[in-house]
Amino acid sequence: MYDIIIIGSGPAGLSAAVYASRAELNTLVIEKEYQGTGQIAESERVENYLGLYGESGFDLGEKFREHALSLGARFTDGEVTSISKEEAFYKVSLSDSTDIETKAIIYAAGAKPKRLNIEGENKYSGCGVSYCAICDGAFYKDKIVAVVGGGDTALSDALLLSKTSKLVYVIHRRNELRANKALQTAANQKENIRFILNAVPVEITGDKKVQSVKLLRNNVLEELDVNGVFVAVGTAPESGLLKGIAELDGNGYIVAGEDCVTSAEGIFAAGDVRTKQLRQVITAAADGAVAVHSAENYLLELSR
Amino acid sequence: MAARINQENFEAEVLKAELPVLADFYSDSCVPCKRLSPLLAEVEEENAESLKVVKINVNFDTELAEKYEVQAAPTLILFKNGEEIDRLIGSVKKTEIIELINK
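The listed protein sequences correspond, in order, to chains H and Y. Letter 51 of the first sequence, counting from 1, is numbered 51 in the working numbering, and no numbers are missing. Quick note, the working numbering runs 1000 ahead of the 1-based positions in the second sequence.
No lab work stands behind these hints, which were simulated from the structure alone. Check the hints yourself; a few may be wrong.
Using 35 Å as the maximum straight-line C-alpha spacing, the simulated DSBU-like pairs for lysine-lysine come out as follows [unchecked claim]:
(1) H/Lys112 <-> H/Lys190
(2) Y/Lys1055 <-> H/Lys208
(3) H/Lys209 <-> Y/Lys1034
(4) H/Lys208 <-> Y/Lys1094
(5) Y/Lys1067 <-> H/Lys32
(6) H/Lys243 <-> Y/Lys1093
(7) Y/Lys1067 <-> H/Lys208
Hey, can you work out the whole structure from these sequences and the hints?
Structure below.
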């Protein structure tokens, strides 16, 4: 029986692993991705983490992981399929059908890219529809691509793709972009980036490969010829496992205050998956520490 | 370590290889590709007698990616006697790679 199972190995989970290891609690980190570090790994540069500025997100994540490992934190890669409450403990089931018992859970599963949920998206996922411009941009050299979204990620993706692709459309549902001004200025100066505003994609079509995206622009149906579609419409919390166990808000975030205490006794939410004002590496790392503190109090109560 | 293969030696190193070949189509700065590397190294070491592992950088060898209709990195393709047997797209677990090479 573990004291704490930490689900997720992003900054929140790794910070919790550091604090739990130092508190000498019997802890296991369960991670979906082998030797993962969460969304931070995808970030080209982190400029706002105190003391470690200007590093790539990948390197920063590796440091977090090394720190946890140096204190003896244990990890296992596995996908949690269900969490169930037994008498005074929780049973965490993994996809390889092992069950693990624990007194408390720190749930730090983070967020994942949102999908468009339109016709053709699943069919062409991995063969024309991508959620990672850095990974897949090279396949669209001298081709025409569309980026869907209007935030920082969408414009960073568009700028990156504009270096190698012939033409980059940015399709955004509002008439104004949400991305920061510096990115907007840079994108406006690129001749091969074209903005298509007030437009909502409704279907991705093709035969073996993607050939076009159909969209409603000011409620008129149009079709754009493209070879690839990059989706950058934000992230959604990975909270599905706690549905019916802990309270979630309307957007799927786990309801918990700064103490990370959820409505389910013994389950603590940390990082991007929790209801909070600001989702950053530093706030995720802070959550990891606080969640362990709250969990320790809970374990103390349990033992009385 | 898996050798990096390009357009020029692909035929000799992959299509005409005696052993089955697992080809890793990867791209620069691709995090899922970086994560896959240590797993591939393990698979390569554990199957040194029966499998050859090669890497293709799609930032450079675009033609190969096009020829095999690879559109996501990483993509793993298993070749036997010059023919594609099957492929895996995106992040995968070691068990899935082992399942692939046993096909």
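Here's how the hints hold up against the structure:
no.: 1; hint: H/Lys112 <-> H/Lys190; verdict: holds, 29 Å
no.: 2; hint: Y/Lys1055 <-> H/Lys208; verdict: holds, 25 Å
no.: 3; hint: H/Lys209 <-> Y/Lys1034; verdict: holds, 26 Å
no.: 4; hint: H/Lys208 <-> Y/Lys1094; verdict: holds, 28 Å
no.: 5; hint: Y/Lys1067 <-> H/Lys32; verdict: holds, 32 Å
no.: 6; hint: H/Lys243 <-> Y/Lys1093; verdict: holds, 26 Å
no.: 7; hint: Y/Lys1067 <-> H/Lys208; verdict: holds, 13 Å
Checked against the numbered hints given earlier, this structure breaks none of them.
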